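A.B. asks: What follows is each chain in one-letter form.
Protein chains: 2
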Amino acid sequence: MALIAPSRRLRRTPFSDGVEAAGVGGYTVYNHMLLPVFFESIEADYHHLKKHVQVWDVACERQVELRGPDATRLMQTLTPRDLRGMLPGQCLYVPIVDETGGMLNDPVAVKLSEDRYWISIADSDLLLWVKGIANAYRFEVLVDEPDISPLAIQGPKSDELAARVFGEDIRNLRFFRFGIFSFEGQDVVIARSGYSKQGGFEIYVEGSEWGMPIWNALFEAGKDLNVRAGCPNAAERIESGLLSYGNDMTRENTPHECGLGKFCNTQTAIGCIGRDALLRVAKDGPIRQIRPIEIKGRVPACDRAWPIMSKNQKIGQVTSSSWSPDFDCSVAIGMVRMTHWDPGTTLSIETPEGVVEGVVKDRFWHEN
Amino acid sequence: MALIAPSRRLRRTPFSDGVEAAGVGGYTVYNHMLLPVFFESIEADYHHLKKHVQVWDVACERQVELRGPDATRLMQTLTPRDLRGMLPGQCLYVPIVDETGGMLNDPVAVKLSEDRYWISIADSDLLLWVKGIANAYRFEVLVDEPDISPLAIQGPKSDELAARVFGEDIRNLRFFRFGIFSFEGQDVVIARSGYSKQGGFEIYVEGSEWGMPIWNALFEAGKDLNVRAGCPNAAERIESGLLSYGNDMTRENTPHECGLGKFCNTQTAIGCIGRDALLRVAKDGPIRQIRPIEIKGRVPACDRAWPIMSKNQKIGQVTSSSWSPDFDCSVAIGMVRMTHWDPGTTLSIETPEGVVEGVVKDRFWHEN
Chain A
38 MALIAPSRRL
48 RRTPFSDGVE
58 AAGVGGYTVY
68 NHMLLPVFFE
78 SIEADYHHLK
88 KHVQVWDVAC
98 ERQVELRGPD
108 ATRLMQTLTP
118 RDLRGMLPGQ
128 CLYVPIVDET
138 GGMLNDPVAV
148 KLSEDRYWIS
158 IADSDLLLWV
168 KGIANAYRFE
178 VLVDEPDISP
188 LAIQGPKSDE
198 LAARVFGEDI
208 RNLRFFRFGI
218 FSFEGQDVVI
228 ARSGYSKQGG
238 FEIYVEGSEW
248 GMPIWNALFE
258 AGKDLNVRAG
268 CPNAAERIES
278 GLLSYGNDMT
288 RENTPHECGL
298 GKFCNTQTAI
308 GCIGRDALLR
318 VAKDGPIRQI
328 RPIEIKGRVP
338 ACDRAWPIMS
348 KNQKIGQVTS
358 SSWSPDFDCS
368 VAIGMVRMTH
378 WDPGTTLSIE
388 TPEGVVEGVV
398 KDRFWHEN
Chain B
38 MALIAPSRRL
48 RRTPFSDGVE
58 AAGVGGYTVY
68 NHMLLPVFFE
78 SIEADYHHLK
88 KHVQVWDVAC
98 ERQVELRGPD
108 ATRLMQTLTP
118 RDLRGMLPGQ
128 CLYVPIVDET
138 GGMLNDPVAV
148 KLSEDRYWIS
158 IADSDLLLWV
168 KGIANAYRFE
178 VLVDEPDISP
188 LAIQGPKSDE
198 LAARVFGEDI
208 RNLRFFRFGI
218 FSFEGQDVVI
228 ARSGYSKQGG
238 FEIYVEGSEW
248 GMPIWNALFE
258 AGKDLNVRAG
268 CPNAAERIES
278 GLLSYGNDMT
288 RENTPHECGL
298 GKFCNTQTAI
308 GCIGRDALLR
318 VAKDGPIRQI
328 RPIEIKGRVP
338 ACDRAWPIMS
348 KNQKIGQVTS
358 SSWSPDFDCS
368 VAIGMVRMTH
378 WDPGTTLSIE
388 TPEGVVEGVV
398 KDRFWHEN
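Chains A and B supply the protein sequences, listed in that same order. Under the numbering used here, the first residue of the first sequence carries the number 38, and numbering increases by one thereafter. Under the numbering used here, the first residue of the second sequence carries the number 38, and numbering increases by one thereafter.
By construction, these hints were calculated from the structure, which means they are not laboratory data. Keep in mind the model is a prediction, meaning the values are calculated, not measured. Among the hints, erroneous ones may be present.
Copies of the same chain look alike in the list, so a pair counts if it fits in one copy or across any two.
Here are the simulated SDA-like pairs of lysine to any residue, each with C-alpha atoms no more than 20 Å apart in a straight line [as the list claims (entries may be wrong)]: (1) LYS260 - ASP196; (2) LYS351 - GLU246; (3) LYS351 - GLY244; (4) LYS333 - GLY391; (5) LYS260 - ALA59; (6) LYS299 - ASP321; (7) LYS351 - GLU394.
Just chain A, same shape as in the assembly (with noise of 0.2 Å):
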């Protein structure tokens, strides 16, 4: 691994303190902004992520919010999920397409009002977008990403550490639901969310002079459960099957390539740019798919898309791709061409230090 040199252009987080104290060791950049990859290393992150409680500083999932009377209109636009039973104090996993329907962005949306969301983005510019279609449509609607910056609970031990500093009630919080709770007499959005299987809660910060307070606050309060600095864990959540925007699907695929069709309504999602684009895949399917593959033994990093090969045809690609300590094995995730995605097939990998075999699982590691 080279060194990542710093730059303003490289946002640091209200966390980043926090962050830099706990010993981070690597980094990403996500959203233009600094993204901790590991702290002791990723196989010691996720043994403690499955067995404690961690804080993630996820500021990078920047917020996108629309606030006017077109911002229900204007959300529907962007989306092939039709949104019409969207109640104030959801979320909601929405991709975002183009007039292609290819993906732009996987970003969960947060309903606060009816006037008023926001989305919390994966890595692309989708502010960029949004602005855009909002001014030559000449929608009512302001579009600006305020200063919001979340920070995660995860592990199993989430309910205990967020009950202890924002009170009780946060147990009772459905999953994809968010409230209102308390922090030293200021209102604080927390959902029951995050980028893991292993339970837990982002907190959206609003006001960075908040970061290290809440920060602190949740160590402070944490000791005794082994709280510690974690991130967002490349094993864990191949594991658990969540996928990454800008690895594992861009703009050349469609939700219906990535598995999303279960949150596409194409029918029904009048509005979206997308919409026509999509019906005939919606209808047919797409003739290639993401897939969970097994690989035996270990893997280099993946750090381009790895061709998936048959009888000097390209079939498919492996994505991304980690040593998986709980399951003996490497976890992958790659998009195969369906003469190829039955579970059980075994697909012959060109890594760049050889071709390794993988098998298609019928499912994630920690699909229900």
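With chain A held as given, fit chain B onto it using these hints.
C.D. replies: Frame of chain A, contents of chain B only:
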């Protein structure tokens, strides 16, 4: 400096194999792509750049291609620079603004023909803005990111090296013009441009498979010129007053604040989205503006905006800085209120390692 963690999301370039073989020391991320920041050291690279010739992997200058009958109309929608006089074969530096006049990018537009442009972008997903606008306005134009990766030749021996590989005619190319040259029978667009003031070219390598052949040909031909792998050099680019989007300017700033008013023809750039918002600042001038700032001694890397204070009031901020070996001081770029922007004004700058004194310069160190 921490490590950078590899993933497909931080895209490799067609030249990455060459960059790694040349011993890259550090990376940044730019348009979701790896950009080297130094090889031997910023200081050693700097001296070499000013004396010899370097080959730079600037594939991260991704292209947004506009193609179709409305290409020129769309291009004018994006920028307050009047493009009516722009000729095919010409490159123009074009500030891109949103509806509030805020900078979204500061790319170079390359006009291939009346119905075809490349926009060679700085670090933001300008593609999403342009696609949003084109789509919502129903312009007849295709907007896409083609497989084009710029490779720069920079330094005083650039003409000699380029002539050896692409033919003697390249010496006659004027600044910010491009021509079509030949490499192994293949047409290649090459412009006299680049992100330094040491002279040179940018090769728009079309087709990733041509990346390493052109890279290797340049190193083969330049052995006796002491050619080396290089990259945009923090010290040289600040001395030269070359601004960096995301560092020195953001969506918060108008072009006029960035000293780019000379590239805005607000009265005549009819159709530009941000024109109305810029009319007043174009007439009255901005109340804060980019300035070169000289600081005695060494300061840390500018990884966040450093406040410039006067009597407990923030009157500006420093956004880029570097030690300058040739000028024996730290060179910096900042945004300063008009009350304090006159040359010779002493500024009190709050770095994370303490307060330092800076002086506003009348011009950048390499300005003519």
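A.B. asks: Check each numbered hint against the structure and report the violated ones by number, ascending.
C.D. replies: none
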